[in-house]
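**Q** Now for the letters of each chain:
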Amino acid sequence: MGLFSKEGTFKVLFFGFVMGVLFWGGFNTAMEATNQESFCISCHEMRDNVYEEYTETIHYSNRTGVRATCPDCHVPKEWVHKIIRKIKASNELYHKMLGTIDTREKFESKRLQLATNEWKRMLGTDSRECRNCHDFDSMDFDKQESRSSDRHEEAIDNGWTCIECHKGIAHQLPEGYDPADDTPALAENEDD
Amino acid sequence: MFKTVKISNSLSRKVISIFLIAMTAMVFSSAALSVQSLRGDSALDSDSNKIVKHRVNTVEGGIKRNFKLQPPMIPHTIDKYQITLKNNGCMKCHSEKAYKKEKAPKVGDSHYVDRDGKTLKQVSGRRYFCNQCHAPQTKDNPLVENTFEGI
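Residue numbers (my numbering), protein chains in the order written: chain A, 1 to 192; chain B, 1 to 151.
Simulated from the structure, these hints should not be mistaken for lab results.
What you are looking at is a predicted structure, and each value in this text was computed from that prediction instead of being measured.
Cβ coordinates follow ideal geometry from the N, Cα and C atoms, glycine included.
Treat the hints with care, as some may be off.
To be verified - Examples of chain A residues toward chain B, derived with CB under 10 Å:
| id | residue |
| --- | --- |
| 1 | 58 |
| 2 | 145 |
| 3 | 169 |
| 4 | 182 |
| 5 | 183 |
Unchecked claim - Within a straight-line C-alpha distance of at most 20 Å, the following computed PhoX-like cross-link-like pairs (lysine-lysine) qualify:
| id | chain 1 | residue 1 | chain 2 | residue 2 |
| --- | --- | --- | --- | --- |
| 6 | A | 110 | B | 86 |
| 7 | B | 139 | A | 143 |
| 8 | A | 106 | B | 86 |
Said to hold, decoys possible - Stretch by stretch, here's where chain A covers chain B in the computed footprint (C-beta under 8 Å, at least three residues):
| id | stretch |
| --- | --- |
| 9 | 80 to 86 |
| 10 | 96 to 104 |
Assemble the whole structure, with the sequences as input and the hints as a guide.
**A** Below, the structure is given as structure tokens:
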């Protein structure tokens, strides 16, 4: 009787609403917790390798004190893309357990593969995470050196994306990658 | 025999005492003159002198050589480029392959020759670390007067 009465329906709905809020809030809080830099560097693989290198770069320390933390570049902001990336990251937990990169030497020997993965991801999204902060429309080319502004204009005209030129800006470059071989203009030349 | 020893003894004592006095005088005077704290001449209870900032000079079109065979100076900042054992960031623009597109000066041909006179495809190991010879310049006045005229 109770459940199907008007009062009962209200109770069920209210219960469902409260549980929904709790679950959703809890889920988001937990996911946000994994989106903190402190979480990223709680593993020595990140702390001793990529984080250590990053502290030397302009994205960590600069004139204005604005920082880009690990998730700002490596986790998408939009919800759907974020969830997809988070699910893919479970593979990283698996390899953490396997100890795939638990020494500097192992990490260095894997670095080309790992970096290439991230470069591919950024290329595929038109450097979406870079563009959360760096926007061509807000760039003042007059304030850039001409070697920068010339290339940026070229990039806009040809539809190049940030990561095509700006590799190894926050971490060291992998062994086996030659900067001389890698400019978008060259790739275009070879097609000619 | 005994007498001469005694004379030389008193003489040597005199020499040693003079020497000691001279030494202490020297130590004290030199201490007063030459010992300087790394933080400069400022007193202990005051702030140290402000550090002079050196800003790297950006020169469009490059800096002219002062003499033949001078390694050209770098007319831009280089802090964002890495030169490690694995990669050389300068080569992104200055390599044989990229220089035309990047409108950058090409690495000299001599840089591809190793010590045995063989021409390599890559920059030779002995020329690999660019900033051993090439350096960016800051916008500072020369510390000492220099009358060198370019050749």
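**Q** Now tell me if each hint is right for this structure.
**A** For each hint, the structure was consulted:
Hint status for residue 58 (chain A): holds, given a least beta-carbon distance of 7 Å to chain B, under 10 Å. Hint status for residue 145 (chain A) relative to chain B: holds, with the closest Cβ pair at about 6 Å, below 10 Å. Nearest Cβ of chain B to the Cβ of residue 169 (chain A): about 7 Å, under the 10 Å cut. The hint holds. Annotation: interface hint on residue 182 (chain A) holds; nearest CB of chain B at approximately 7 Å, less than 10 Å.
Residue-level restraint check for residue 183 (chain A) holds (minimum Cβ-Cβ distance to chain B is 5 Å; threshold 10 Å). Our distance criterion of 20 Å between C-alpha atoms is met by residue 110 (chain A) and residue 86 (chain B), whose separation comes to about 14 Å. Under the criterion of a C-alpha separation no larger than 20 Å, the hint pairing residue 139 (chain B) with residue 143 (chain A) is consistent with the structure, at around 19 Å. Restraint check for residue 106 (chain A) and residue 86 (chain B): satisfied, since their Cα atoms lie roughly 16 Å apart, inside the 20 Å limit.
Look at the stretch 80 to 86 of chain B against chain A: 4 of its residues bring a Cβ nearer than 8 Å to a Cβ of that chain, three or more, so the hint holds. Check result for the stretch 96 to 104 of chain B against chain A: holds, 7 residues qualifying (beta carbon to beta carbon below 8 Å, three or more required).
Every hint, counting from the list given before, is met by this structure.
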